[in-house]
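Chains D and C, in that order, are what the protein sequence lines are. Per the numbering used here, the first sequence starts with residue 7, numbered consecutively. Per the numbering used here, the second sequence starts with residue 4, numbered consecutively.
Take the hints with a grain of salt, since some may be wrong.
Said to hold, decoys possible - A short, non-exhaustive set of chain C residues, derived as facing chain D with CB atoms under 10 Å:
#: 1; residue: F72
#: 2; residue: L149
#: 3; residue: A151
#: 4; residue: Q162
#: 5; residue: P178
#: 6; residue: S209
#: 7; residue: F319
To be verified - Now the stretches of chain D that chain C is said to cover, found in silico as 3 or more residues with beta-carbon under 8 Å:
#: 8; region: 9-22
#: 9; region: 90-96
#: 10; region: 134-141
Worth flagging that the hints you see were computed from the coordinates, not collected in a lab. Note that CB positions come from ideal geometry on N, CA and C, so glycine has one too.
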Amino acid sequence: MTNYLVLAGILIVVIGFALRLNPMLVVTVAALATGLIAGKGPVEVISLFGKAFNDNRIIAIVWIVLPVIGLLERYGLQQRAAAVIRAMRAATVGRLLIVYLLARQGTAALGLISIAGHPQTVRPLVAPMALAAAEKEHGALDEDTGERVKAYSAATDNVGVFFGEDIFIAIGSIILIQQTLATYGYVLAPFELAIWAVPTAIAAFLIHSARLLLLDRRLAASAARSVRAEPVEALSSPSSVRKGEGPSTGSGRAGEERRP
Amino acid sequence: MITMQWAYALAGLMFAAFALLSALDRSNAKRLGNAAFWGLMALSLLAGSWLGDFVNGLLVLGLAGLGGFNLLGRSAPPSTSEAERAAWSERLGNRLFLPALIIPATALIGTLVYNYTPLGQQGLIEAKRETYIFLCLGALIAVGVLYAWLRPPAVAPLQEGRRLIDAIGWAAVLPQLLAALGVVFAAAGVGTVIGDGARAVIPEGSVFLTVLVFGLGMAAFTMIMGNAFAAFPVMATAIGVPLLIQAYHGDPAVVGAIGMLAGFCGTLMTPMAANFNLVPAALLELKDQNGVIKAQIGTAIPLLAVNILLIYFLAFR
């Protein structure tokens, strides 16, 4: 007979995450509950969970790069990335963000996830540059337009990193896929998986770039329409951005959400 | 033969150093929590193969307890100041990117050379694991190059690494824990139950509908849970492996890789992924906290459709 109760583990994960409980606890409770419901004894369940964790140690190997990245940051890697972005020249908002999208996808594909991001580059550089490009071309922006330009700046960073990073062979998601499939006896090398991230990366670039070009057209249309234009609220001084955040976006304790 | 155990030992020693430096860091009020957490990671990597399953299980419960009850603190190891970094960046220029490229270049070139020359026939490295060995080698070479070039203090790589791992905190272990959850789900028969259910709903033999349910399921579960890492083991166990791979003989690499990316499309559309969607809205002082999500939906939906079609056409060639 099918034991539908084993699905309780999925329910625990969904409810636990929805209630914003600590994911470490949610996942552990879900694993233990699922094992117990499946009729295993407590020692057997803990052993199963321990063996599974031990068999997946390969996922922890990605952190071996941290001393290198940290050392480079010590010598200004993020400041260097910011300088490169500052030097980007593009005539319109859409084209500027397309260049940024390409740079973000390309560097993420090389494993350089943390050289850019919302606190590191979007807030201090990309969004202000996009606003400036829009104002240069279309004059003062109304509030909705300014909001849209800023939102697209952040969106472009997310799209770039999400659909670039899986081309890198030693990213957590690739190893998680590999280990999950290995559970069922499908042993794959990281390259065999990473290669299949390429078609989606190209599609993501094309779709998002097309939308950025449409954004240019919409901005031109709305600029032509608007008779009165009130200046958009400029971003307040960059000093209000949390400094020294390192690669973490937002607070470190909410770090679980750094994974797409 | 160089096995993964060598890589685990290297990473284990790194975590052991993080633990030791944490214990000595009086500026962090929760230093013992950090030391215990990274110490357990070190123990797992160094000795996990010999501890036995039950002791490994207790070790995981220890990690989950330390992380789950917020016993880790954020450290501030000695590093350079913003001004010093700006000065270094100015002085070193774009050469600063080169050491970062050593790691992917070593992993890529090493793997290709190993697989396409007679070198691979020698059985020097554990099969299918050569990329990770070359990754570790690349990291060691990069640290060596940086020592020779910039002459940082001897302990700097470990302190800077600790700065980054503490910024990530317990979340660094979450992917491994989620993978373990997937194994427990599989052992408990979760996949069989959902697979049978899905088979009852999806018309027999309809590969396209099964791919559609898998892709939409990845995106939907990701939206509910806020990250694709949590959704993947569930959907793989439920539909990906039993139906797409085993019943319909889909290519596991395509189903896995593009299935995960279908999940990433879900991440673009959910406020549950706060750090990607809500935090930037706050950082950019948007009036609408869902403004970033609204800017992303137009990319996410067509891209999800593309991913579903890619799985259908590429996995069942």
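Hint check:
A hinted interface residue such as F72 of chain C counts as satisfied when its beta carbon comes closer than 10 Å to some beta carbon of chain D; here the least separation is about 8 Å, so the hint holds. Evaluation of the L149 of chain C hint against chain D yields a held restraint, the C-beta minimum of about 5 Å falling below 10 Å. Among the interface hints, the one on A151 of chain C is violated; its C-beta lies about 12 Å from the nearest C-beta in chain D, farther than the 10 Å criterion. Because the smallest distance between the Cβ of Q162 of chain C and any Cβ of chain D comes to about 8 Å, under 10 Å, the interface hint for this residue holds.
With its C-beta approaching chain D no nearer than about 5 Å, P178 of chain C sits inside the 10 Å limit, and its interface hint holds. Checking S209 of chain C against chain D by beta carbon gives a least distance of about 22 Å; that is not within 10 Å, so the hint is violated. Checking F319 of chain C against chain D: minimum C-beta separation of about 14 Å lies over 10 Å; hint violated. Counting residues of the region 9-22 of chain D whose beta carbon lies closer than 8 Å to any beta carbon of chain C gives 8, which meets the minimum of three for the stated coverage.
For the region 90-96 of chain D, the assignment as covered by chain C is violated, since 1 residues bring a beta-carbon within under 8 Å of that chain's beta-carbons and 3 are needed. Interface restraint, the region 134-141 of chain D with chain C: violated (0 residues with C-beta to C-beta distance below 8 Å; minimum three).
The structure fails hints 3, 6, 7, 9, 10 (numbered hints given earlier, in ascending order).
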